[in-house]
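Engineer: If you're matching them up, the sequences are chains A and B in order.
Residue numbering for the first sequence follows numbering that gives the first Met the number 0, starting at 0 and increasing by one per position.
Residue numbering for the second sequence follows numbering that gives the first Met the number 0, starting at 0 and increasing by one per position.
Don't read these hints as lab results, they were simulated from the structure.
Watch out, some of these pointers could steer you wrong.
Chain A regions said to be covered by chain B (calculated; three or more residues, Cβ under 8 Å) [unchecked claim]:
hint, region
1, 34 to 42
2, 59 to 69
3, 117 to 126
Now the stretches of chain B that chain A is said to cover, found in silico as 3 or more residues with beta-carbon under 8 Å [claimed, not checked]:
hint, region
4, 32 to 41
5, 45 to 56
DSSO-like cross-link-like pairs, simulated, lysine-lysine; straight-line CA separation at most 27 Å [to be verified]:
hint, chain 1, residue 1, chain 2, residue 2
6, A, K135, B, K2
7, B, K53, A, K138
8, B, K53, A, K25
9, A, K12, B, K2
10, B, K2, A, K138
11, B, K37, A, K25
12, A, K25, B, K2
13, A, K135, B, K37
14, B, K70, A, K25
15, B, K37, A, K12
16, A, K20, B, K10
17, B, K53, A, K85
18, B, K70, A, K71
19, A, K138, B, K37
20, A, K138, B, K10
21, B, K53, B, K2
22, B, K37, A, K20
23, A, K71, B, K10
24, A, K25, B, K10
Here the structure is a predicted model, which means the values were calculated and not measured.
Glycine included, every Cβ here is placed at the ideal spot set by N, Cα and C.
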Amino acid sequence: MLGNDIVDLDLAKIQSNWRRKNYLNKIFTAEEQLMIVSASNPDEMVWLLWSMKESAYKIYNRKTGIRNFAPKSLSCTLSSNADRIKGTVSINNDIYFTQSEMRPSYLHTIATPIYHQLAEIRINIYQSPENLFDYKSTKPGCVSHHGRYLALVY
Amino acid sequence: MNKEEIIDTLKTIIELYSEEATALAHIDENTDFIHDLKINSANLVDIVLDIEEKFNIEIDNDSMAKMLTVKATTEIIAQKLDAHAG
Numbered sequence: 000m001l002g003n004d005i006v007d008l009d010l011a012k013i014q015s016n017w018r019r020k021n022y023l024n025k026i027f028t029a030e031e032q033l034m035i036v037s038a039s040n041p042d043e044m045v046w047l048l049w050s051m052k053e054s055a056y057k058i059y060n061r062k063t064g065i066r067n068f069a070p071k072s073l074s075c076t077l078s079s080n081a082d083r084i085k086g087t088v089s090i091n092n093d094i095y096f097t098q099s100e101m102r103p104s105y106l107h108t109i110a111t112p113i114y115h116q117l118a119e120i121r122i123n124i125y126q127s128p129e130n131l132f133d134y135k136s137t138k139p140g141c142v143s144h145h146g147r148y149l150a151l152v153y
Numbered sequence: 000m001n002k003e004e005i006i007d008t009l010k011t012i013i014e015l016y017s018e019e020a021t022a023l024a025h026i027d028e029n030t031d032f033i034h035d036l037k038i039n040s041a042n043l044v045d046i047v048l049d050i051e052e053k054f055n056i057e058i059d060n061d062s063m064a065k066m067l068t069v070k071a072t073t074e075i076i077a078q079k080l081d082a083h084a085g
């Protein structure tokens, strides 16, 4: 099972004010909040952690059938020892591995329960998907849509 | 505050975060924030914070977890208001 999440960073900037009082505390664990306040680019860190949680939740939701809004129950770790941003997201007894790609205008994260699958996931990202082909017929493993971007993973 | 009044106030909050005019015009108990109103999940937090401010209540994480529909959200607000009054 695969999960993915794309964030249109320009849209996120105007759509969400994460500096609002109590906002971070509703979504992020204490450790994650520390990662955000100590990051060189806190905006990027907020949306990176958010997209990790979203992509992992998409797998968890399909696997368990549980649908809820409990972002704090998903807990992220990040490894920063490479040019690729890798991390883990834990929820209850499940663990998901993530890999994220940070671009100037978007951020995309993929998630899988099996670490070695990260290298095998095929990613297609489309901009301005108003003239969209019938992407569902390509049977993507997961779909994410935000602002100008559509991301499909296989 | 009765259920209708809660839903009316809730509508004024939800409107800020959805562009689905038709779905907004037909909000009822079964309306789903994400499926029907296409609300961005990061904005669900804003809705929860707006509810806390507008109704002067505190939404704990377990309650927030259920707040994906108008029905569940209205029930939680009613509960919290009751607890407040008692």
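Engineer: Hints first: check each against the structure and report whether it holds.
Structural biologist: Tested hints:
1. Counting residues of the region 34 to 42 of chain A whose CB lies closer than 8 Å to any CB of chain B gives 0, which falls below the minimum of 3, so the coverage claim is violated.
2. Under the rule that three or more residues need a Cβ within less than 8 Å of chain B, the assignment of the region 59 to 69 of chain A holds, with 4 such residues.
3. Coverage of the region 117 to 126 of chain A by chain B is violated [criterion: at least 3 residues with CB-CB distance below 8 Å; count 0].
4. For a cut-off of 8 Å, the count of residues in the region 32 to 41 of chain B with a CB near a CB of chain A stands at 3, and the three-residue condition holds.
5. Only residues whose beta carbon comes within less than 8 Å of a beta carbon in chain A count, and the region 45 to 56 of chain B has 4; three or more means the coverage holds.
6. Distance check on the hinted pair: K135(A) and K2(B) sit about 40 Å apart at the alpha-carbon level, beyond 27 Å; violated.
7. As the CA atoms of K53(B) and K138(A) are separated by approximately 43 Å, the hinted pair breaks the 27 Å bound.
8. Distance check on the hinted pair: K53(B) and K25(A) sit about 17 Å apart at the alpha-carbon level, within 27 Å; holds.
9. About 35 Å separates the Cα atoms of K12(A) and K2(B), which puts this hinted pair outside 27 Å; it is violated.
10. At most 27 Å may separate the alpha-carbon atoms for a hinted pair to count; K2(B) and K138(A) exceed this at roughly 43 Å.
11. With a C-alpha separation of about 21 Å, the suggested pair K37(B) and K25(A) falls inside the 27 Å cut-off, and the hint holds.
12. Restraint check: the Cα-Cα separation between K25(A) and K2(B) comes to about 26 Å, which is no more than 27 Å; the hinted pair holds.
13. As the CA atoms of K135(A) and K37(B) are separated by approximately 19 Å, the hinted pair is consistent with the 27 Å bound.
14. Proposed proximity of K70(B) and K25(A) is supported: the alpha carbons are some 21 Å apart, at most 27 Å.
15. Taken as a hint, the K37(B) and K12(A) pair is honoured in the structure, with Cα atoms around 18 Å apart against an allowance of 27 Å.
16. In summary, the hint linking K20(A) to K10(B) is supported, as the alpha carbons are separated by about 22 Å, within the 27 Å threshold.
17. In summary, the hint linking K53(B) to K85(A) is not supported, as the alpha carbons are separated by about 40 Å, beyond the 27 Å threshold.
18. Using a Cα cut-off of 27 Å, the hinted pair K70(B) and K71(A) holds, with the two alpha carbons roughly 23 Å apart.
19. Simply put, K138(A) and K37(B) have alpha-carbon atoms about 22 Å apart, close enough for the 27 Å limit, and the pair holds.
20. Restraint check: the Cα-Cα separation between K138(A) and K10(B) comes to about 37 Å, which exceeds 27 Å; the hinted pair is violated.
21. Using a Cα cut-off of 27 Å, the hinted pair K53(B) and K2(B) holds, with the two alpha carbons roughly 15 Å apart.
22. Of the supplied pair hints, the one linking K37(B) and K20(A) holds, its CA atoms being roughly 24 Å apart against a limit of 27 Å.
23. About 26 Å separates the Cα atoms of K71(A) and K10(B), which keeps this hinted pair within 27 Å; it holds.
24. At most 27 Å may separate the alpha-carbon atoms for a hinted pair to count; K25(A) and K10(B) meet this at roughly 22 Å.
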